[in-house]
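Spelled out, the chains give:
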Amino acid sequence: MIIRYFAWIRERLNRDEQQLELPDSVKTVQDVLHHLRTIDEDFAFVLPPETVFRAALDDELVELDTPLGSAKELSIFPPMTGG
Amino acid sequence: MMGISVTIQAAIFDAGDLVNQFTRDIPEAGAVATFTGLVRSKPEQPIKALILEHHPTMAQKQIERFAQEAVDKFDLLAIQVVHRFGEMKVGEPIVQVMAASSHRQAAFDGANYVMDWLKTDAPFWKKEVGADGAHWVEARDKDEAAKDKWTK
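Sequences listed follow chains G and W, in order. Residue 74 in the working numbering sits at position 74 of the first sequence; the count goes up by one each step and never skips. Residue 81 in the working numbering sits at position 81 of the second sequence; the count goes up by one each step and never skips.
The hints are simulated quantities; they were obtained by calculation from the structure and are not laboratory data. There may be inaccurate statements among the hints.
List time: in silico SDA-like cross-link candidates among lysine to any residue, alpha-carbon distance up to 20 Å [unchecked claim]:
hint: 1; chain 1: W; residue 1: 127; chain 2: G; residue 2: 52
hint: 2; chain 1: W; residue 1: 147; chain 2: G; residue 2: 15
hint: 3; chain 1: W; residue 1: 147; chain 2: G; residue 2: 70
hint: 4; chain 1: W; residue 1: 127; chain 2: G; residue 2: 54
hint: 5; chain 1: W; residue 1: 127; chain 2: G; residue 2: 67
hint: 6; chain 1: G; residue 1: 27; chain 2: G; residue 2: 70
hint: 7; chain 1: W; residue 1: 126; chain 2: G; residue 2: 20
With beta-carbon atoms standing in for the labels, derived distance ranges [claimed, not checked]:
hint: 8; chain 1: G; residue 1: 60; chain 2: W; residue 2: 135; range: 27 to 33 Å
hint: 9; chain 1: W; residue 1: 90; chain 2: G; residue 2: 70; range: 40 to 46 Å
hint: 10; chain 1: G; residue 1: 52; chain 2: W; residue 2: 133; range: 18 to 24 Å
Keep in mind the model is a prediction, meaning the values are calculated, not measured. We treat Cβ as the ideally placed atom computed from N, Cα and C, and that holds for glycine.
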């Protein structure tokens with residue numbers, strides 16, 4: 001799966017995106033975040049569990065308990081401030 | 001004709017030219033509501049520039065969705081949204097929504113609806129550049145509350 005980052009999350013992680021092989025136990029968006037915190041210290045530091053952020057699977061905004069299904073791309077970003 | 005047009009671009013646009021072009025081909029329209037969002041600077045915290053980051057594919061899809069919903073909900077004749085990204089100066093337009101309908105209320109509601117949803121659910125992030133450096137703008141609870149009125 002490709003994980004993409006935006007705005008301050010992208011800046012603080014110092015990466016736009018990353019390719020990630022997910023174990024079978026990772027089933028939802030929240031599971032991906034938990035997995036990343038486990039394997040990546042920087043990620044755990046920048047996005048601790050209490051962080052307020054939003055997520056999209058293949059361009060669709062989703063809740064954190066949404067199953068990944070066959071999505072190829074997960075985007076993680078702060079609450080939006082357009083307009 | 002139920003035209004929906006969504007453009008996401010870096011280039012600056014002329015607010016007046018856009019609305020003149022928009023209204024040219026809709027003879028049934030009795031009303032057009034136009035909202036233009038601008039880069040603003042506060043006296044107590046002046047900014048030099050605004051940088052807008054976006055998620056291109058998702059932004060396009062989300063705004064097209066809100067535009068379609070507005071057309072269906074308010075029976076609009078046409079709607080056009082132009083949203084910029086990248087760096088812009090104080091006073092420049094960021095976004096423009098134009099809604100055309102037979103009568104005025106639908107046009108007002110259509111433009112309002114799209115802006116309320118766009119604020120919280122279209123993937124854009126503002127970064128203000130001031131004298132003391134750049135910082136990301138925080139989302140406002142008021143914006144989250146504004147869209148709730150459409151779901152009641």
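Evaluation of the provided hints:
1. Taking the CA atoms of residue 127(W) and residue 52(G), the gap is near 18 Å; set against the 20 Å cutoff, the hint holds.
2. As the CA atoms of residue 147(W) and residue 15(G) are separated by approximately 32 Å, the hinted pair breaks the 20 Å bound.
3. Simply put, residue 147(W) and residue 70(G) have alpha-carbon atoms about 30 Å apart, too far for the 20 Å limit, and the pair is violated.
4. Between residue 127(W) and residue 54(G) the CA atoms are separated by roughly 18 Å; this keeps the pair inside 20 Å, and the hint holds.
5. Distance hint between residue 127(W) and residue 67(G) is unfulfilled; the C-alpha atoms sit about 32 Å from each other, more than 20 Å.
6. With a CA separation close to 11 Å, the supplied pair residue 27(G) and residue 70(G) stays within the 20 Å bound.
7. The straight-line distance between the Cα atoms of residue 126(W) and residue 20(G) is roughly 28 Å, outside the 20 Å bound, and the hint therefore fails.
8. At about 29 Å, the beta-carbon gap between residue 60(G) and residue 135(W) stays in the expected band of 27 to 33 Å.
9. At roughly 45 Å, the beta carbons of residue 90(W) and residue 70(G) sit within the given window of 40 to 46 Å.
10. A hinted range of 18 to 24 Å holds for the C-beta pair residue 52(G) and residue 133(W), which are about 23 Å apart.
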